[in-house]
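Just so you know, the protein sequences line up as chains G and A, in that order. Our numbering numbers the first residue of the first sequence as 1 and each following residue consecutively. Our numbering numbers the first residue of the second sequence as 1 and each following residue consecutively.
Note that these hints are calculated values from the structure, not bench results. Every residue, glycine too, gets a C-beta built ideally from N, C-alpha and C. A hint or two may mislead.
Derived list of chain A stretches under chain G, where covered just means 3 residues or more per stretch with a C-beta under 8 angstroms from a C-beta of chain G [to be verified]:
1) 91-101
2) 105-112
Among the chain A residues that face chain G by a calculated CB cut under 7 angstroms, a handful are [unchecked claim]:
3) Pro-73
4) Arg-74
5) Leu-77
Each chain is listed here by its residues.
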Amino acid sequence: MEILDVLVSAAFWTAVLRIATPYVLGTLGELLCERAGVLNLGIEGIMTLGAMAGWMAVYQGGGLWTGVLVAMACGALMGLLHASLTVPLGLSQHVAGIGVTLLGTSLSYFVYRLVLPQASTPPTIQPFQPLDLPGALAQTPLTYLAALLVLAVAYALYRTPVGLAVRMVGENPGAAEAQGLSVTAVRVGAVMAGSALMALAGAFLTLSAFNAFFFNMVNGRGWICIALVVFASWRPGKALLGALLFAAFDAFQLRLQQIAGGMLPYQVFLMLPYLLSILALVLVARRAAYPRALMIPYRKGER
Amino acid sequence: MTPVLRLTGITKRFGPLVANDAISLTLHAGEVLALLGENGAGKTTLMNILFGHYVADEGSVEAFGRPLPPGSPRAALEAGIGMVHQHFTLADNLSVLDNIAVGTEPLWRPWSDRGGARKRLLDLAGRFGLGVRPDALVADLSVGERQRVEILKALYRDARILILDEPTAVLTPQEASGLFDTLRRLTSDGLAVVFISHKMNEVFAVSDSVAVLRAGRLVATRRTAETDREELAALMVGRDIKPPTPAPMEPGEPVLALSGVTVASGHGRPLLDAVDLTVRRHQVIGIAGVSGNGQTALADLISGLIHADSGSVTLKGESVVAADPAAMVQRGVARIPEDRHAAGLVGAMSVWENLIAERYRDPAFSRFGVLKRGAARRYADEVIRAFDVRCPGPDARTQLLSGGNMQKLILGRTLAHRPDLILASQPTRGLDVGAVSYVHGRLLEARAAGAGVLLISEDLDEILALADCIAVIHHGRLTPLLPHDRVSIRQLGLLMAGHWDVLKEVGHAA
Numbered sequence: 001m002e003i004l005d006v007l008v009s010a011a012f013w014t015a016v017l018r019i020a021t022p023y024v025l026g027t028l029g030e031l032l033c034e035r036a037g038v039l040n041l042g043i044e045g046i047m048t049l050g051a052m053a054g055w056m057a058v059y060q061g062g063g064l065w066t067g068v069l070v071a072m073a074c075g076a077l078m079g080l081l082h083a084s085l086t087v088p089l090g091l092s093q094h095v096a097g098i099g100v101t102l103l104g105t106s107l108s109y110f111v112y113r114l115v116l117p118q119a120s121t122p123p124t125i126q127p128f129q130p131l132d133l134p135g136a137l138a139q140t141p142l143t144y145l146a147a148l149l150v151l152a153v154a155y156a157l158y159r160t161p162v163g164l165a166v167r168m169v170g171e172n173p174g175a176a177e178a179q180g181l182s183v184t185a186v187r188v189g190a191v192m193a194g195s196a197l198m199a200l201a202g203a204f205l206t207l208s209a210f211n212a213f214f215f216n217m218v219n220g221r222g223w224i225c226i227a228l229v230v231f232a233s234w235r236p237g238k239a240l241l242g243a244l245l246f247a248a249f250d251a252f253q254l255r256l257q258q259i260a261g262g263m264l265p266y267q268v269f270l271m272l273p274y275l276l277s278i279l280a281l282v283l284v285a286r287r288a289a290y291p292r293a294l295m296i297p298y299r300k301g302e303r
Numbered sequence: 001m002t003p004v005l006r007l008t009g010i011t012k013r014f015g016p017l018v019a020n021d022a023i024s025l026t027l028h029a030g031e032v033l034a035l036l037g038e039n040g041a042g043k044t045t046l047m048n049i050l051f052g053h054y055v056a057d058e059g060s061v062e063a064f065g066r067p068l069p070p071g072s073p074r075a076a077l078e079a080g081i082g083m084v085h086q087h088f089t090l091a092d093n094l095s096v097l098d099n100i101a102v103g104t105e106p107l108w109r110p111w112s113d114r115g116g117a118r119k120r121l122l123d124l125a126g127r128f129g130l131g132v133r134p135d136a137l138v139a140d141l142s143v144g145e146r147q148r149v150e151i152l153k154a155l156y157r158d159a160r161i162l163i164l165d166e167p168t169a170v171l172t173p174q175e176a177s178g179l180f181d182t183l184r185r186l187t188s189d190g191l192a193v194v195f196i197s198h199k200m201n202e203v204f205a206v207s208d209s210v211a212v213l214r215a216g217r218l219v220a221t222r223r224t225a226e227t228d229r230e231e232l233a234a235l236m237v238g239r240d241i242k243p244p245t246p247a248p249m250e251p252g253e254p255v256l257a258l259s260g261v262t263v264a265s266g267h268g269r270p271l272l273d274a275v276d277l278t279v280r281r282h283q284v285i286g287i288a289g290v291s292g293n294g295q296t297a298l299a300d301l302i303s304g305l306i307h308a309d310s311g312s313v314t315l316k317g318e319s320v321v322a323a324d325p326a327a328m329v330q331r332g333v334a335r336i337p338e339d340r341h342a343a344g345l346v347g348a349m350s351v352w353e354n355l356i357a358e359r360y361r362d363p364a365f366s367r368f369g370v371l372k373r374g375a376a377r378r379y380a381d382e383v384i385r386a387f388d389v390r391c392p393g394p395d396a397r398t399q400l401l402s403g404g405n406m407q408k409l410i411l412g413r414t415l416a417h418r419p420d421l422i423l424a425s426q427p428t429r430g431l432d433v434g435a436v437s438y439v440h441g442r443l444l445e446a447r448a449a450g451a452g453v454l455l456i457s458e459d460l461d462e463i464l465a466l467a468d469c470i471a472v473i474h475h476g477r478l479t480p481l482l483p484h485d486r487v488s489i490r491q492l493g494l495l496m497a498g499h500w501d502v503l504k505e506v507g508h509a510a
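Only chain G is shown next, with the shape it has when bound in the complex (with noise of 0.2 angstroms):
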């Protein structure tokens, strides 16, 4: 009785949504990679720096789309980082990935000591409000973004030169190759753009969802996302589905833990979400069709 009241309360939505933001804008980001042919396992940590960055770029004065801004330039950055290793210079995309994720995570970390070395508790900033619209949709700039870039990703894969382009490097860069377009240009800026969605999705934990920034705040979140992609099959509108997906689960297991707190011990209900989310992908994803260059350097003129 008490979990169907749950489903239908506004609350409950809003949290869905507000959940599902990061998860919609990382996701959508490793897709992009992903769909050029490059796995970026730099995910994690580079949604920690897109928090950190946007988070100091207010901190220090700036405005909140200011932070945005910086948020995403430096996830620019951290891409060209990987790109720089994973596309021209062909290194195992695994290793390079993880490494971006150390870089990413304690560089974040450094840079907040050495700007803050007192701090004890975090300093906060103003962040984000929520639109003054009824019920659920009463949320923040950067979750209506969130649907926009949905919508743009979309559309730009499937209904525009550059977005056929990253498909074809991320399926046959040889192909492409042989219609005149350069592999290296096409995927280190489809690795770029994404990275630069990743830390937009971090930046939205520092600057929308919470107004601090504190250590292990993305808390594995980027690696959710990397299991999102393949659960929508390498495609923005099911990457949506998935995310908002994974949020009402987080969300319903949240109150759960209100409801039926004392029967069961509460990680049991932290563990759902995950345990659901692989539920899912093993049903969804087994026969899913991962694009075919997708974790294959491409060398020109190799024999």
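Add chain A to chain G, keeping to what the hints say.
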């Protein structure tokens, strides 16, 4: 008449190997130039330089009187050069239209003109008789259709010079003659065509002039009408090769019998569908077919890599149930795998290690789990001598050997123990004429010594030269055995394309 394309003094080295040595060529509008040469003669390298995939170490390319900047496929495309690669450069998961249109529009235009692209594509398709479905996924197309897409891709970009790299290698004889018709339409429209091939009959079927490459050097150019097969063959190979011919022999007892064997694929039609086949001693059975019709599954089944879902496999009279590859080797099955790099040899390991790879548990080569390296090296020395493997010695790394010598190594490993059944999958793919006739000779020797040979090949000439009986494989189904002297190339081609009503015709002749 001014040439549309001029190559001057092109030289390309890959490490110590000189793939192209100071090659100069000219091509005129309306002309089909055949580039003839054995595998490894440097034909594909030369065309990849022309198209900008490789950068030549020396020399220059001129198209329509203007020099072509090296290393830029985009510049080649803009100069009007189109290339149909041997391995198609199409993305399987994208549609035909996507594959053709990619890269043809300004990259940053915020929309695609799909309607215009579709119209232009259909116009071209109609004009040159190249039927395609613009919205079909490339993955769903037959090989012949994919080739049409490749040609349309070049035409869509206003190519005036078309390079085709071994275009018939994957086609049935009927599809090949359709391609030749297309080429004639193109040249009558004023296009120039470079046709790369190592097959003599195609050169005469389609070309106006022919350039012969051997070991990276241009050895001759001729008007096709003014030369003949003998001259070209001598130019191509540089020496006389006498192909071995099988002596007639009475087939012996069966060594392998498949009865109603079906192997499911997990989705769609089965890999093998109720296959019946008997191979006897003193017999070469040829399996003909276009690649991807179940040949790999048949070879894997007989190697013990996969098992039949239904039906029975009998080896020398004993039923085989769920045997692994090691057990099959012990029972006397020798294998020449389809891909010698992937499944035949371990390139990073030495010659002797590869030679005992199937038999390292044999007491001759190991005791108490420790290899007898001395014995293995001595054995390797013997095989190297007996099979004329050109290599520095048993300790040489295998990947440094040439393709022909790798194949000799595999032959040595498989034939040294007098096998009962030899499974030869594409045994001469990528070998030069000399190595081909060596491999054929050894297979025929094994047949004379009492082995049954199952020859799976996509090269009809090879099957017709060696096989006593031929079966055609199509969509996992196998025709009955057809005596090699009762069936024509035309009939085999139709069978390969799936027109099995021809069997009646063959049956009447028999």
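Hints, one by one, checked against the model:
For the segment 91-101 of chain A, the stated coverage by chain G is satisfied: 7 residues place a CB nearer than 8 angstroms to a CB of that chain, which reaches the threshold of 3. With 8 residues having a Cβ less than 8 angstroms from any Cβ of chain G, the segment 105-112 of chain A passes the three-residue criterion, so the hint holds. The beta carbon of Pro-73/A is positioned within 7 angstroms of a beta carbon in chain G (closest approach about 5 angstroms), and the interface hint is therefore held. Using the Cβ-Cβ criterion of 7 angstroms, the hint placing Arg-74/A at the interface with chain G is satisfied: the shortest such distance is roughly 3 angstroms.
Taking 7 angstroms as the C-beta contact cut-off toward chain G, the hint placing Leu-77/A at the interface holds, the least distance being around 5 angstroms.
This entry satisfies every hint, going by the numbered hints stated previously.
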